[in-house]
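Asks: Working from the sequences, and respecting the hints, build out all of it.
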Amino acid sequence: MGYGRFLLKRGVQGVGVVWGVVTVVFILRFITPGSPIDTVAPLDASQETRQRIAEDLGLDQPLYVQYLDYLWELLQGNMGYSYISSIPASVQVFQKLPATLELAVAASVVAVVISIPLGVISATRRHQPADYAATSFSLLGISTPNFWLGIMLVLVFAVELNVFPTSGRAYGFMQSLAAITGPEPFFTVVTAWLASLFLPAITLGTYFTALITRLVRSGMLDELSEGYVRATRAKGLPETLVRYKHVLRNTLVPVVTVLGLQLGTLIGGAVITEAVFAWPGLGTEIIRAINARDWPILQGSLIVIGTGFVLLNIVVDALYAYLDPRVIAE
Amino acid sequence: MSETTSGTERAGTPTGDGAPEGHPDDVLRVRDLSTRFFTEEGQINAVESLDFTVRDGEVFGIVGESGSGKSVAALSLVDLVDSPGRITSGEVWYRDADLADEFRDDVPEAVDGEFVDTRRLPEGVRRALRGPAFSMVFQDPMSSLNPSITVGEQIAEAVEVQRRARANPRRTRSRTQGYGMGRLIVDSLLPNRGYTSESSMNRAIELLEQVGIPDPAERAHEYPHQFSGGMLQRAMIAQALAGEPDVLIADEPTTALDVTIQAQILNLLRDLQEEQDTSVVMITHDLGVIARMCNRVGVMYAGQIVERGTLSDVFDSPVHPYTEGLIGSIPDLDDPAPRLQPIEGNVPSLLDEEMGGRCFFADRCPKAMSDCLQPIPEYDAEPGTDEHAARCVLTEREYDEADALPPDHFDRNEEVRGDE
Amino acid sequence: MKIGPISISPRTIRNLRKEFRSSGLARIGVVLVVVIVLAAAFAPMIAPHNPRTQNLDRAQLPPLGFTDTEQRTSTEMVNGSVQTVTENVTVNATAQHPLGTNSLGQDILSRAIYGARTSLLVGLFGTVLAALLGVTVGLTAGYYRGRIDDALMRTADVSLAFPSLVLAIALIGLFSRFQADVAIAITDPLVTTGVAGSFRDAVGLPTPMPETFVLPTVVILVVGFVNWVWFARIARGEALSVREEEYVKAARALGASDVRIVFRHVLPNSITPILVLATIQVAAIILLESALSFLGFSGTTLSWGFDIAQGRDYLSSSWWIATVPGIAIVLSVIGINLVGDWLRDALDPGIEGEGGM
Amino acid sequence: MSDQDTSRRRFLQAAGSATAAVALAGCSGNGGDPTEGTLTTSAGGDETQTTTSPEETTERPEPDTRDGFLQRANRHTHEQAPWVFLHRQYSVYGQSSDIEWQPRTDERVAAYAIEPATDAGDDVVMTQSQMDSGLDPQDHRETPTDNIVLQAYEGLLERDREGAIVETLATDYERLDETTVQFTVRDNVSFHSGDSLTPEDVAFSINRIVDSDVGIESPQVDQLIGVEGAEVASSDDRTVNVNLSGLNPIVFASFATYCDVMNKSWVESNDQAYINQNMDGTGPFELSNYEQGVAVEFQRNDDYWDDPAAISTFTINSASESSTRVNRLLSDETDIAVNVPPQEVSRVENSDDASISAVPSTRVIFNAMRYDVEPFDSPAFRRAVNHAVDLDSIIENVLQTFGSPTAQPTLEGFFGHNEDLDPYPRDLERAEELVEESGYAGAEIELVTPIGRYLKDVEIAQAVASQVDELSNVSATARQVEFSTLVSQVTTGNIEDKPDWYLLGWGNATFDAIQTIQPLLASDGALTSYKNDELDRLLDEAQSLPSESN
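Residue numbers (UniProt numbering), protein chains in the order written: chain S, 1 to 330; chain E, 1 to 420; chain L, 1 to 357; chain F, 1 to 550.
It is worth saying that the hints were derived from the structure and are not from the lab. Do not rely on the hints blindly, as some may be mistaken.
[What the hints assert, rightly or not] Facing chain F, from chain S, some residues (calculated, C-beta under 8 Å):
#	residue
1	Gln47
2	Asp56
3	Ile84
4	Ser86
5	Pro88
6	Ser90
7	Gln92
8	Pro165
9	Thr166
10	Ser167
11	Gly168
12	Ala278
13	Pro280
14	Arg326
[Unchecked claim] Under the rule of at most 16 Å between Cα atoms (straight-line distance), these lysine to aspartate or glutamate pairs were calculated in the EDC-like manner:
#	chain 1	residue 1	chain 2	residue 2
15	S	Lys9	L	Asp150
16	L	Lys18	E	Glu41
17	E	Lys367	E	Glu396
18	L	Lys18	E	Glu40
19	S	Lys9	L	Asp57
[Unchecked claim] Under 7 Å between C-beta atoms, here's a sample of chain E residues computed to sit facing chain S:
#	residue
20	Val78
21	Arg130
22	Met136
23	Asn146
24	Val161
25	Ala217
26	His221
27	Gln276
28	Phe315
Since we're looking at a predicted model, the values are computed, not measured. Every residue gets a Cβ at the ideal spot worked out from N, C-alpha and C, and that includes glycine.
Replies: Listed below in structure tokens is the structure:
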């Protein structure tokens, strides 16, 4: 089976999963106690008012009709209108997406850049101070609740030292790009943006830095004991090549797999990180939507996240197949 | 084939420094090489003061049961013993005039005539010897090639190493041979850039052809899992030949293969050896292979060469009871009457405390005598050529029931013993 | 040694011992876990105060060794606008509250001790639930393969597509109407039997302890529900490999029932990786629970996460309120992770089982 | 859900009898003049003999004014104690020294009232607890959204800081008869889009609220209850007539609180999604940038009909965590931090460039006790609970004095407030006697409180519970639930769904007693936990009379 077909297969599976996600999200609303009316109607609304609202929301129709409408609308990219703001859910959700992506990407970059060298060093300098340092750091990292870490970081770096903003998102990637031509000085914009991104990225990234460090270390140790390492050295290849071209590459195979499974944790982490830093992203949106029972927004967010998760997993599979040609054969 | 004059000198006799005396054709002289593993269970003497020599264009065989330290010996030669193992003593004298000149002034103790003691050379130089001087063919081809890199690429790497090595003088060679992280990252980021070059890839394909792989150009771009075991071993050999080594160390090259393939591989090895006049160290537990390939043989037991000599010395007139036992354990096709008498007992654990100063074979030896309970030096063995020598008292005296050890002698103080 | 249908071979136990002896980390982990478990179990005996009783007069006392001068602010209406008068008051730590008190004057140490109960109970029950769900699904899928397998695994994919934290928040948030009612108040035997009381009198801690302890049932159900996939994957893998074993084929040939085969052969062989995963999952779920209660989606107020959320508002004036429970979480999770590593190294189940949050 | 859960008496229900009564009383139009009667907060001198302890209700002569009836209603609730009367919540703001600004009682923040104190004060940022729920000024019901839309939109009437009614888009307003009031619309006012304000726009805006056939289902319909519709009386003298279903004593108070005027043509030519993301008002600021859920930016409207605003831009963002808001204030990321919790006050006060400004809000915090369940069906028991609570300690320790004790549903300064009532003193003996008297000795009660909904709600509830628990013959505990949970329980319309004893806060921006008592305590109130014919009668009487003030 070729690379293309392999990905195609994954893609088809992905579509199935997305459909599942959509359906679950729809069902979720009907097994949930309480009616959307509670959201839309004011505290002391009259029963007549509530009745009218029910009709407006089409809650009076049979379930399957609502489901089919829902699917049909979704296919046209319509996620309904926020019960709270009457703004199309698609608009409201996709407005929040960049902030969250920014956060997740920044965290991943932090994680990868730090963790891989750290893992390699710790594996190749086994039982040396560097190894112990890296190991303790990673243990601490996977054991610290990131919201608490975030609070502590804010306390130290924002409140006490006042070197980073305490919360919120300044500008953002797109605005920073715009600033190249825009009226505002590019440098100030970018620094402000990165400054506001720094603490959240660290908060979200730490767990993954630690996790990947652990994975790389243990995987590297396994690989180093493989026969081909000795054979590769036997032909006199420079150690750098042995470690990074041969060993690390094979180490990354299991690492990538685990990370694929951990994407959920990344998004979940993003949600709570946003809560800590009042970061205006999907996470904040979801929590707001849940507390306000703003169903269209909640459903929209969950669908976007689910779909994103599926897409990312396809990417991971592709990467996986690239790293380990054997998987395509299977 | 060996018209040697200086027969009586034993290459093994420790003379302190300088290369041991030996045959003029010697390309490799190993003396008193010991490799130990320091594990939680204790110290394991995998290789115990090993002595042997390898001559130009010959095939020297090392035979022994598994666990007798053959493979460790091989790795010790190319300095690839991983922790917790360490080469604790010994010298590996390798004949290379240029190298000798280069280090005569800097490291005089490492140089003797045309010979250099690789053990005394700086690490970088030692590693640089892998490929052009020594290269290895490993036991299991499947696990000895990187599963996620194409076969061609891996061979090309071996070629490339030597190409670059020739490109810049050995002295200036850094640990990474001028190929550090920076280069690596750049190469891996930019497309069509890598460590290996076009030319080295073509060379790799030639090599594949040379080792008899059909349409090598295509196969070169396949991954190890797409190769059969035999094909892989051929590829391994191609990779080993990439550096045009003086000494090719083949560690159980055929064990992992099935019989029909074994023959092909052995033929291949012999052909290549003959046309390139490489010296080969053939390590195996299979006397058949030895008989087929080797000029001279060393029988290895418990980390030592217990008997050595020309093929005929060892096969036709073995002295050491262990050798006898080994030979005895091959089925003789001429004589239908089965005279299979496998050696009783197991290879010793090689644990330092359990070995003690005695003939390590004594506990299994049918002819063990009280003399065997002291360290045994290497004696000339009468029968056969001057090459013939053995670490066994029987070279000096006849077996005598009188001083035979009681059968339960070792039961008292040793766990490792024959199961009667 | 036998646990239910599963027997652990002496070799396994030897490995455990060996690994335990050789690795200091393993020992640290076990000590941490034991300490926390004991604290949780005997909370009503060792907690210096009732974690719920508040004493507004001694609110925000600092931990021992810290003396805190804080501004007490009083206000008064002066023609329509408020005048605030602040004077400095020195608050001294007291041995009665070694780790200080929170904004309600509740003893932080006692709350941390009781918080361990919530975390551990949620962690354990949640994991057990997840394991039951996941292993059942996984074994079924792996054993029957084919359509069933596909169906179940696609389901797993779908539920993987919902990050556990997000899904948990959604479920708890949306069902919160019932949350309070479902949270079961289990009576604390140590207290009701008077054991704790007499013990406390003996050691001179006369304060009466709460007779009931709130078990955040919804949280347990939810965290169990959102984490089953990890177990399903492992169990499935094991089942797939074990079902090919000769003796399993033989058993099937002999006409043993599927259920019997699964329980006699497949399950016991899968138990090691499941055990290791379970350990790691306890840690993961403890983190998840703390996150949930931090966000206010929790059934109980005796939770580390809840205290962190409360203390967050006082971070600038009384840092210890949020710091102590945070450290408690870190320590317990480290402990459990270390034990998990120990088991993994000793039993070598060949999984990289990092449960997700 | 909504931050300002103000309510309107469901006029139609009670007004049937009222209209008749009004016909007899035959008094008309005197409510028109805003100046008249604003001073007569306490009519009915019969309220003077206040020495009487709440328990023995002395017979009093029937009041003859609306104020009198409302005060009597308040006295009734004080004596019958359907609530545990807690405190009046304060609005506490952190304020940067870059600006000069005075907070308002009704929790609204008008950027128009902000003046720069330094150069940095020209661009002002405010951080509140949450963002808008869409920019349609008529499609929401909570303070955070008010604070956003009211920078750009204006009503016919407004209130000043103290709560007195002032004209904005109306230049004059009067009662024509008991079912008609008339507004005269200000001239030379133009929307941000450039269109000029017409009486049609005003009539349209009113109808858009009260008539669901005009555009939307406005949640503010209940704010203008009793208003049937509006039409232009005469375009020339720019008058608009509003028709009432009956005499509504507080119609102007209602218009002073809600009914923002929108541009008819703009509304009709755009869809809801657009209207919720854009603004076309007449106010002193116009929308310059809108990021839903993130930030709203305004710039000064230079051709405002009144003097242009003092500051040039006004930005509103949000942080739900109070500590986050204060952090932003202290690190100079914002100029006004809304809802600063007591524990942060000293932090703000101690910083050089920020200070606290607080003002009593229109919100009363209380614990409702269902009259229909044991043990709360006994007035004696309810009084006992009130006696058991140490209100001063709670205000002192939990709220750090940011609150003032209450003795009745109606807040001081509101129309109908009864000045002669004092908070229940803490008296444990008396409380225990009352419990015995009520026959519910040994009762176990549970107080349900929302989490983090009102200032210190959990702490207050826990304090109340532990104080009541100190009674030898009552045991009390507190249980916290999500606010949405509590809301879904109290809004079902039937009392059985409510918890027996729950903490709630109630904001009333009309400054009129009726808007608190009617929805919460009248037997037909939407959120009522109480039923008493005497109280209902008092309320009906009150609603049958025109209001002395506004």
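Asks: Now, for every hint given, state plainly whether the structure supports it.
Replies: Hint-by-hint comparison with the structure:
1. The restraint placing Gln47 of chain S at the interface with chain F holds, with a minimum CB-CB distance near 6 Å, inside the 8 Å limit.
2. Against a cut-off of 8 Å between C-beta atoms, the interface hint on Asp56 of chain S holds, since the closest Cβ of chain F lies about 6 Å away.
3. Against a cut-off of 8 Å between C-beta atoms, the interface hint on Ile84 of chain S holds, since the closest Cβ of chain F lies about 4 Å away.
4. A cut of 8 Å between beta carbons decides the hint on Ser86 of chain S: the least distance to chain F is about 5 Å, and the hint holds.
5. A hinted interface residue such as Pro88 of chain S counts as satisfied when its beta carbon comes closer than 8 Å to some beta carbon of chain F; here the least separation is about 6 Å, so the hint holds.
6. For Ser90 of chain S, the interface hint is violated, the least distance from its beta-carbon to any beta-carbon of chain F being 10 Å, above 8 Å.
7. Hint status for Gln92 of chain S relative to chain F: holds, with the closest Cβ pair at about 6 Å, below 8 Å.
8. A cut of 8 Å between beta carbons decides the hint on Pro165 of chain S: the least distance to chain F is about 6 Å, and the hint holds.
9. Below 8 Å, beta-carbon pairs count as interface contacts, and Thr166 of chain S has one with chain F at about 4 Å; its hint therefore holds.
10. Interface hint at Ser167 of chain S: satisfied, since its Cβ lies 5 Å from the closest Cβ of chain F, which is below the 8 Å cut-off.
11. A cut of 8 Å between beta carbons decides the hint on Gly168 of chain S: the least distance to chain F is about 7 Å, and the hint holds.
12. Annotation: Ala278 of chain S was flagged as interfacial toward chain F, and the flag holds, the nearest CB pair being 4 Å apart, inside 8 Å.
13. Look at Pro280 of chain S: its Cβ gets to within about 4 Å of chain F, closer than 8 Å, so that hint holds up.
14. For Arg326 of chain S, the interface hint is violated, the least distance from its beta-carbon to any beta-carbon of chain F being 47 Å, above 8 Å.
15. Under the criterion of a C-alpha separation no larger than 16 Å, the hint pairing Lys9 of chain S with Asp150 of chain L is consistent with the structure, at around 14 Å.
16. Only pairs whose Cα atoms come within 16 Å are accepted, and Lys18 of chain L paired with Glu41 of chain E is accepted, the gap being roughly 12 Å.
17. Annotation: proposed proximity of Lys367 of chain E to Glu396 of chain E holds, straight-line Cα distance about 14 Å (limit 16 Å).
18. Taking the CA atoms of Lys18 of chain L and Glu40 of chain E, the gap is about 11 Å. The hint holds against a cut of 16 Å.
19. Pair hint Lys9 of chain S plus Asp57 of chain L does not hold up; C-alpha atoms about 67 Å apart against a cutoff of 16 Å.
20. Among the interface hints, the one on Val78 of chain E holds; its C-beta lies about 6 Å from the nearest C-beta in chain S, closer than the 7 Å criterion.
21. Nearest Cβ of chain S to the Cβ of Arg130 of chain E: about 4 Å, under the 7 Å cut. The hint holds.
22. With its C-beta approaching chain S no nearer than about 4 Å, Met136 of chain E sits inside the 7 Å limit, and its interface hint holds.
23. Interface restraint check: Asn146 of chain E against chain S, minimum CB-CB distance 5 Å, threshold 7 Å, status holds.
24. Taking 7 Å as the C-beta cut-off, the interface hint given for Val161 of chain E holds, the closest approach to chain S being about 5 Å.
25. Interface restraint check: Ala217 of chain E against chain S, minimum CB-CB distance 19 Å, threshold 7 Å, status violated.
26. A distance limit of 7 Å between C-beta atoms decides the matter here; for His221 of chain E the minimum to chain S is near 11 Å, and the interface restraint is violated.
27. Among the interface hints, the one on Gln276 of chain E is violated; its C-beta lies about 17 Å from the nearest C-beta in chain S, farther than the 7 Å criterion.
28. Here the hint on Phe315 of chain E is broken, as its CB sits about 30 Å from the closest CB of chain S, past 7 Å.
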